[in-house]
Amino acid sequence: MSTESFHDRFAGHDRPSGHDHAANAKERDGCGQAVDLEGLKARIRAIEGGGGVAHRVDGRPVARLGAPIDRALPWNGLPTMALHEVAGPSATAVTAGMARRFLDRKGALVWCRSDGLARLQGELYGPGLRPYGIDPARLIHIRARDAEETFWAASMAMRSQAVACTVVETEAFDLVTSRRLQIALESGGGAGLVLRHGALESAPNAALTRFWAEPMPRAILAADDPAPWRLRPRGPSFRLSLWRAKGAQPSFWTVSWNERTLAFDLASPLVPGAVAKAAEDGQSFART
Amino acid sequence: MPVLRAVDAGARAAGLRPGMRLADAYGLCPALVSAEADLQVEREGLEALARWCQRWSPIVVADAAIEAREEGGGASLLLDMAGCLHLFGGARALLWQVQDVLARRGLTTRVALAADPLAAWAWARFGAGDRRILKTADPRLQHLPLAALRLQPRTGRALHRLGFHRLAQVMAMPRAALARRYGADIVHRLDQLEGRRPWPLRPVAETFALAEARNFAQPIGRTEDIEAVALGLLELLCQRLEHAEQGALRLVLVLTRPHGQAKRLEIGLGRPTRELAHLRRLLRLRLEDLLLRSEEGIERLELQIMEMMPLKPAQTGGTGESVDRSADLARLADQLELRLGADRVVRLEPVASHVPERAVRQRRLAEPATATAWPPLSPRPLRLLAARPRPEALGLRPEEVGILEGPERILPEWWRPEDATAPPRDYVVAILRDGRRFWLCREDASQSLAWGGWVVHGRFD
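Line by line, the protein sequences are chains A and B. Using UniProt numbering, the first residue of the first sequence is number 1, and each one after it goes up by one. Using UniProt numbering, the first residue of the second sequence is number 1, and each one after it goes up by one.
These are computed hints drawn from the structure, not numbers from a lab. Misleading hints may appear alongside valid ones.
[As the list claims (entries may be wrong)] If you want a taste of the chain A side facing chain B, the calculated C-beta under 8 angstroms gives, among others:
(1) L124
(2) P127
(3) A137
(4) L139
(5) I142
(6) A144
(7) S160
[To be verified] Sample of chain A residues facing chain B (criterion: CB under 10 angstroms; computed from the structure):
(8) S90
(9) A108
(10) V110
(11) Q121
(12) G126
(13) G128
(14) P131
(15) R138
(16) R143
(17) E149
(18) A162
Glycine included, C-beta positions come from ideal geometry on N, C-alpha and C.
One chain only, chain A, in its complex shape:
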């Protein structure tokens, strides 16, 4: 990664950033057809190959999350060698899902947390990872004593070639720490997921994308289906908003985790107008 693109990353999200992203943006804005074509290609690839990480952007492998989300992202998925932040009440579940998408590549999943956070938020529970398709053989659980050790362990894991994805649980995530992790990722080649606890924090950091994940409210779940337990085969549903991304528009999705394909689907039980309303929420979110 050149210093120039680094500068672009931290220069702010408002102005159009880096030439690599600019090219993407032009493609998207100039001819809407191309976007659809890409989406179709992605879908075909997903059908044929089960949605691997074959695709690359700037030489970086990209993990596909699921067709509806990928279509709105300029990289057609989430790139590796970059940090992605997930916050909100459903952050753990969405992080687990995203981590699984990065595991289509070879390598381990390293999950770092501190003792204090485990006490407050609960300890990661292996059997709960089953619906997310994360196997015990590939998971390395790091039980750091405090935040400093957590970030140290995470940066070691990110620097390693043998790790496909590193998850860091944290409350605070400042610019300096995030840059250090970003540099580690660039020498390692895996992906970094930052699982943030607590309220929405809009202070800048080096994450390429920043998501806010909420569960689907019960009212929306129930409006379409009077028997909510029948929803189970479709997996848990989330309202996922990408409220800040370098080189991408803020977007909003209602998705569910598909336990069969191990990817995110568009959630089907939709109340008319809910998406539009939610999209507005997402937009106003991004402006804060």
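Using the hints, position chain B against chain A.
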């Protein structure tokens, strides 16, 4: 009743002996200065001295087996000099050096060198004269007292009563008759004395497989200097490992202070390696937490490989870097374990148990993963709350909670003693109005269904 445990040369001249009652000793010698014996400190001191004696031989045995107040009792050190003598200019020079160096440390010693450990021990204790080097089954051993055999006190007393005082008398007896009358022990001892049977000894410190050391005329104290020397030693060791096609599993860096105290820094590895870059990184990490008092410094630095395993030359890619992904992972695990501790870098492994907190076990990374999938169970949360707070503590109100799934009854494992009186539990997946899902647990399913009986055991989001 306090007795004397050890006496110095002056006290011995005044007629005091170990085993004497303290009151009698004061009677004989009113100027006596006595101190209470601390066996723990004594043992530690002996072991420290034994480790220090590794400058002569890697195999040193600290032997404090015999009570000090018995005849010929007290501590001794046994050094296995096989193959090391030429390093010190021969047997005579070695004995002189050992006695001289230890005397400078304020220790009075008696030394002897023999082909068999028991013979050396016996001659150092009871031997007379200046010729302290014995050959196998040396005839001079016959003049030693019976105590040289280290017999059980009871056997020793019995033989003494019968008029056996010297080894020559015992050796003249037919072995079979001795064994019949006094047990096989005495025959074993005689065999050990003459080298017909080994004397199994446990060295005080484990032996290293390979080691490199540097001594400093002037103690060094700066961490940078220590690091530079240690890395140099590491490089030499890696070359030797490469030559031997071996990989290190455990290394110890020994830092010796001028007054002989040593600090040991250990580096454990998940799998054998001789990769210089990796070992260098681990050594640096270890030295980072090293805090030395600046005025002291280090006079000797030794890097030992305690355990190693055969390791074939690794396959490398075109640019020279490793192509083995599992080796990369092992390297990462070594670094993490070194700083965090092995119990903090773990694999989660499923266990066949329906009790949620027992369904998963933490295993060290070095142990291979046995399971490749989580067992199919009813829905399980992503996070388990060990504290099991009341729902109110997390802002859950009964009117807000809907049940998504359940109840699931989990019975205690009655075959475990700690579960003998445990009640069955009920679990439900509860969903809040905002969609958050929790795993609620009724800790005693035999009680009423009232809200007060429920706690939160997990979170799904």
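Next on the checklist: Run through the hints listed earlier and report the numbers of any the structure violates, in increasing order.
Outcome noted: Structure breaks no hint.
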